[in-house]
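Enquirer: Sequence:
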Amino acid sequence: MNDRSYRPLVFAHRGGADELPEHTLAAYLRALDAGADGLECDVRLTRDGHLVCVHDRRLDRTSNGRGLVSSKTLAELDALNFGSWHPAYPADDDVPDFSRLLTLERLLDVVCSSGRRVRLLIETKHPSRYGAEVERRLVRMLRKYGLAEPQPDAPVQVTVMSFAALALRRIRAQAPALPTVYLLELMPPGVGRGRLPFGARTAGPGIDLVRTRPGLLPAMRAAGHQTYVWTVNELPDLELVLEHRVDGVITDRPRFVLEHLGGV
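Take 395 as the starting number for the sequence shown in this note's numbering and just add one per residue.
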């Protein structure tokens, strides 16, 4: 990377899930303190219609609960511990920022009051028993915060991401100005030639796909699309995506990536 003017955006994946329990407020605050350009979160709907920041369909991996996120009310989820599974969990289990369920509303409150520029990537998780209601609720909440119609000078910029092309279509129909990212784990037909669905202007391939399909990133750039690559945690992968001059690096280790970029 010879051009010192090039510097990709660094996004903290699930808040920077390497250092602290994923999708906890403590993780997001740590990422902001480290200087991450943006934050990434996943959202799911609870049984009573609240958007919560949880990746998995089931609660087993990241909490002391069991069952489906979508089958629980917000109150039921709020009673669970979402941090004790992580090696960095503090001995003092009274620290709510390390253990409490994070709602999207609470995350937006923190981001909007941070006093700094923040790019927020919100992934809507599918399949979901609530289908299109996930995007409807998301757009409604973004409108509440004045984030559904992005303004160039606004400190907080939101981008919606999904592996589901239909989710991107719903976002385009309800909030056409919101930028979208089409996430890729496999290679759908046509994408290798630079085509993205429903107005998406950014491709979001996983690092495994980037390794196995070396022509993908050049094809996206040739088609005029930006590229955000996930989840870039190791130095060889970081160097690979920097060689391709990607626009965004989504990582569990934002501090590591920022330190490397600072030394390049």
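Quick caveat, the hints were computed from the structure, so don't treat them as lab data. If you're wondering where the values come from, they're calculated on a predicted model, not measured in any experiment. Heads up, the beta-carbon is just placed ideally off N, CA and C, and yes, glycines get one too. Treat each hint with caution, since some may be false.
Claimed, not checked - Label-pair restraints from in silico Cβ distances:
1) 462 x 398: 24 to 30 Å
2) 473 x 503: 19 to 25 Å
3) 398 x 608: 24 to 30 Å
To be verified - Calculated lysine to aspartate or glutamate pairs in the EDC-like style (CA-CA distance at most 20 Å, straight line):
4) 519 x 631
5) 538 x 527
6) 538 x 503
7) 519 x 579
8) 519 x 499
9) 538 x 454
10) 519 x 454
11) 519 x 633
Enquirer: It remains to establish, for every hint, whether it holds in the given structure.
Expert: Hints versus structure:
In this structure the hint that residue 462 and residue 398 lie 24 to 30 Å apart at CB is violated, the actual value being about 48 Å. Distance hint check for residue 473 and residue 503: the Cβ-Cβ separation is about 21 Å, which falls inside the suggested range of 19 to 25 Å. For the pair residue 398 and residue 608, the supplied restraint of 24 to 30 Å holds, since their beta-carbon distance comes to about 25 Å. Only pairs whose Cα atoms come within 20 Å are accepted, and residue 519 paired with residue 631 is rejected, the gap being roughly 25 Å.
At roughly 16 Å between alpha-carbon atoms, residue 538 and residue 527 fall within 20 Å of each other, so this suggested pair holds. Between residue 538 and residue 503, the direct Cα distance comes to roughly 11 Å. Compliance with the 20 Å bound is thereby established for this hinted pair. With a CA separation close to 14 Å, the supplied pair residue 519 and residue 579 stays within the 20 Å bound. For the suggested pair residue 519 and residue 499, the alpha carbons sit about 17 Å apart, so the restraint of at most 20 Å is met.
Distance check on the hinted pair: residue 538 and residue 454 sit about 32 Å apart at the alpha-carbon level, beyond 20 Å; violated. About 17 Å separates the Cα atoms of residue 519 and residue 454, which keeps this hinted pair within 20 Å; it holds. Pair hint residue 519 plus residue 633 does not hold up; C-alpha atoms about 29 Å apart against a cutoff of 20 Å.
Checked against the numbered hints given earlier, this structure breaks hints 1, 4, 9 and 11; the rest are met.
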